[in-house]
Amino acid sequence: MVEKRPFLNFLAHAVLVLGVLIVAFPIYVAFIASTHGPTDFLSGLIPLTPGDNMVNTYGKMMTDGMASAGMPPLSLQMFNSLIMALTIAIGKIAISIISAYAIVYFRFPFRGLAFWLIFITLMLPVEVRILPTYHVVASLGMLDTYAGLTIPLIASATATFLFRQVFLTIPDELMEAARIDGAGPLKFFWDILLPMSRNNIAALFVILFIYGWNQYLWPLLVTTDPSHYTIVMGIKRMADVVDSQPQWNYIMATAILAMLPPVLVVILMQKLFVKGLIETEK
Amino acid sequence: MAAITLKSVGKTYAGGVNAVRGIDLDIADGEFLVLVGPSGCGKSTLLRMVAGLETITDGEIAIGGRVVNEVEPAERDIAMVFQNYALYPHMSVRQNLAYGLKNRKMAKEEISRRVDEAARILEIGAFLDRKPKALSGGQRQRVAMGRAIVREPSCFLFDEPLSNLDAKLRVQMRGEIKQLQARLGTTSIYVTHDQLEAMTLAHRLVVLNGGKVEQVGTPLEVYRRPASTFVASFIGSPAMNLMPARAEGAVAHVGAARVQLEIPAEGAMTLGLRPEDLRAVVPGTEGALHLKTAYVEELGAQRLVHGTVEGTPFGCAMPSDAALADELYLAAEPGAAHAFDAQDGRRLG
Chain R
343 MVEKRPFLNF LAHAVLVLGV LIVAFPIYVA FIASTHGPTD FLSGLIPLTP GDNMVNTYGK
403 MMTDGMASAG MPPLSLQMFN SLIMALTIAI GKIAISIISA YAIVYFRFPF RGLAFWLIFI
463 TLMLPVEVRI LPTYHVVASL GMLDTYAGLT IPLIASATAT FLFRQVFLTI PDELMEAARI
523 DGAGPLKFFW DILLPMSRNN IAALFVILFI YGWNQYLWPL LVTTDPSHYT IVMGIKRMAD
583 VVDSQPQWNY IMATAILAML PPVLVVILMQ KLFVKGLIET EK
Chain V
601 MAAITLKSVG KTYAGGVNAV RGIDLDIADG EFLVLVGPSG CGKSTLLRMV AGLETITDGE
661 IAIGGRVVNE VEPAERDIAM VFQNYALYPH MSVRQNLAYG LKNRKMAKEE ISRRVDEAAR
721 ILEIGAFLDR KPKALSGGQR QRVAMGRAIV REPSCFLFDE PLSNLDAKLR VQMRGEIKQL
781 QARLGTTSIY VTHDQLEAMT LAHRLVVLNG GKVEQVGTPL EVYRRPASTF VASFIGSPAM
841 NLMPARAEGA VAHVGAARVQ LEIPAEGAMT LGLRPEDLRA VVPGTEGALH LKTAYVEELG
901 AQRLVHGTVE GTPFGCAMPS DAALADELYL AAEPGAAHAF DAQDGRRLG
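Respectively, the protein sequence lines represent chains R and V. If you read the first sequence in the working numbering, its first letter stands for residue 343, the second for the next number, and so on. If you read the second sequence in the working numbering, its first letter stands for residue 601, the second for the next number, and so on.
Any given hint could be a false lead.
Each computed DSS-like pair below joins lysine-lysine, with the alpha-carbon atoms no more than 25 Å apart [stated by the list, open to error]:
#1 V:Lys733 <-> R:Lys529
#2 R:Lys402 <-> R:Lys578
#3 R:Lys613 <-> V:Lys731
#4 V:Lys607 <-> V:Lys768
#5 V:Lys778 <-> R:Lys617
#6 V:Lys731 <-> V:Lys708
#7 R:Lys529 <-> V:Lys702
#8 V:Lys702 <-> V:Lys731
#9 V:Lys812 <-> V:Lys768
#10 V:Lys812 <-> R:Lys613
#11 R:Lys529 <-> V:Lys731
#12 V:Lys733 <-> V:Lys768
#13 V:Lys705 <-> R:Lys529
#14 R:Lys529 <-> V:Lys708
#15 V:Lys705 <-> V:Lys731
#16 V:Lys778 <-> V:Lys768
#17 V:Lys731 <-> R:Lys617
Just some of the chain R residues that point at chain V, by a computed CB distance under 7 Å [unchecked claim]:
#18 Pro494
#19 Ala497
#20 Glu515
#21 Ala519
#22 Arg521
#23 Ile522
#24 Asp523
#25 Pro527
#26 Leu528
#27 Ile534
#28 Met538
Honestly, the hints are just simulated from the structure, not real lab data. All C-beta atoms in this analysis are idealised placements derived from N, C-alpha and C, irrespective of residue type, glycine included.
Take these sequences, add in the hints, and give me the full structure.
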């Protein structure tokens, strides 16, 4: 497979560069657009060189929002998104690691049934069960609350399954050694299992944080009060203005800001993320 | 330090499988007892029952006079060394050693005194702050033993601790375990499928087969007077030759060959001869065993000649300078013949 052929080398790089351009160009356009004033788009052409209105645009969006579209300041929306993403990620990890622990290490009646019940919920993502879930949340009076935003999204079969696989790779002798060392179930979980799953937890956190941050449909349904808007649903709201031109510089600034936190999480946790996905030695 | 008593101990799994049946054992204080047998004979299950990792479905196990059937492993005052070491990978060696003591709420000074003492005994002081991942197999084995020592338990349980090591290291660690046990004087139960390990380590051997005890005795007793054909073929390397024979008076007949027995017997029997108890005699000697050679293994100190006698596979150990031929005539040393019942394989006499 390892061949030294200049042409193949060139071709491979060309494909890669092309791929990067296809992904990066729209982001570049969005960023450039966010640095221009609102009038620069009236010609119908999108400028490709940076403008001089960047500080103004971002400053206004962060502090004031856009009243005409019913948008609270972006800082508030980003805060809401952060709360939602963190709660979902941490909640999912906490619940699924505990249920995986129960399924792998305890012999209780209907253990297999419990596992399969969790497993088949994989077939029921939010979109499929959205109406009944909405009804439940509304009946519990959780509309326009952080609890309503996050709790219905916390149960996770995927994460439970992942932790189950991780625990299955940990040799039984370790649990037995811990028993002889006088560690009860909670101590074993806390002192041995958790530290040993650290990398997997980190990898899962990255995935789940992005999942939570990018939620669109669910926040759109359960929030009507602007103080609970999240930034991802906010972008769409801004483009839907009535009787006037969409203000593309503001929309693009919002898009860029909405992209930033997931990117930061990936960059900062990259090492742990990769380790958690490929590590096998226990 | 404590004596361990097993009273008609048995283990039946939920599916009805009988892993261990009616075991009675008295293990003296300070004794090194080795459980040996082929895989699936129940030796590990028995050890794990003593440790408390398996429930006891029949009988009673007492450690130091206290019946421990319902006692948690941590409360049994035992320490166990596992085959794959079972070190906590995210803890340093020091933390691995200290973990069990910390869980017992022992004072910090006492923990560090014991850890340092164990590190000194096992010569692992240089890597107390490393993670197990950074250690070699032999070093990990030492740490696993250190974890057992620091607890100062009344009994060590070893579950095939040397199986994961290479041959040279295994011999070295074997010697170290023996010396360590002699120095600490802690009652030990050691499980292995390796008869050489069993012979070299044990004060007493327990040979298990199919969940039952075949024989209990010192290594020499078991070697010299195996209680059954199973023990005879399992203990000793190369394995004892077993062949059907017909006894008349105190003489076993194998075809034309005759072997003197120590006890009188009549009729069909199984004759056992250890390869090292044979010597070559002049070809054509009357009553000698006639070996048709198939192949020879050179061991340096001796050569093992394999072939058949009267159609039964047969091996004998010859001096390394012995002449080789396609046919050898062999005679047994006096008193070397073992006689077993032809049906149930029990030793006669």
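Hints, one by one, checked against the model:
| no. | hint | verdict |
| --- | --- | --- |
| 1 | V:Lys733 <-> R:Lys529 | 23 Å, holds |
| 2 | R:Lys402 <-> R:Lys578 | 18 Å, holds |
| 3 | R:Lys613 <-> V:Lys731 | 20 Å, holds |
| 4 | V:Lys607 <-> V:Lys768 | 38 Å, violated |
| 5 | V:Lys778 <-> R:Lys617 | 41 Å, violated |
| 6 | V:Lys731 <-> V:Lys708 | 21 Å, holds |
| 7 | R:Lys529 <-> V:Lys702 | 12 Å, holds |
| 8 | V:Lys702 <-> V:Lys731 | 18 Å, holds |
| 9 | V:Lys812 <-> V:Lys768 | 32 Å, violated |
| 10 | V:Lys812 <-> R:Lys613 | 54 Å, violated |
| 11 | R:Lys529 <-> V:Lys731 | 20 Å, holds |
| 12 | V:Lys733 <-> V:Lys768 | 21 Å, holds |
| 13 | V:Lys705 <-> R:Lys529 | 13 Å, holds |
| 14 | R:Lys529 <-> V:Lys708 | 19 Å, holds |
| 15 | V:Lys705 <-> V:Lys731 | 23 Å, holds |
| 16 | V:Lys778 <-> V:Lys768 | 16 Å, holds |
| 17 | V:Lys731 <-> R:Lys617 | 18 Å, holds |
| 18 | Pro494 | 35 Å, violated |
| 19 | Ala497 | 29 Å, violated |
| 20 | Glu515 | 4 Å, holds |
| 21 | Ala519 | 4 Å, holds |
| 22 | Arg521 | 5 Å, holds |
| 23 | Ile522 | 5 Å, holds |
| 24 | Asp523 | 3 Å, holds |
| 25 | Pro527 | 12 Å, violated |
| 26 | Leu528 | 12 Å, violated |
| 27 | Ile534 | 6 Å, holds |
| 28 | Met538 | 6 Å, holds |
When each numbered hint is compared with the structure, violations occur for hints 4, 5, 9, 10, 18, 19, 25, 26.
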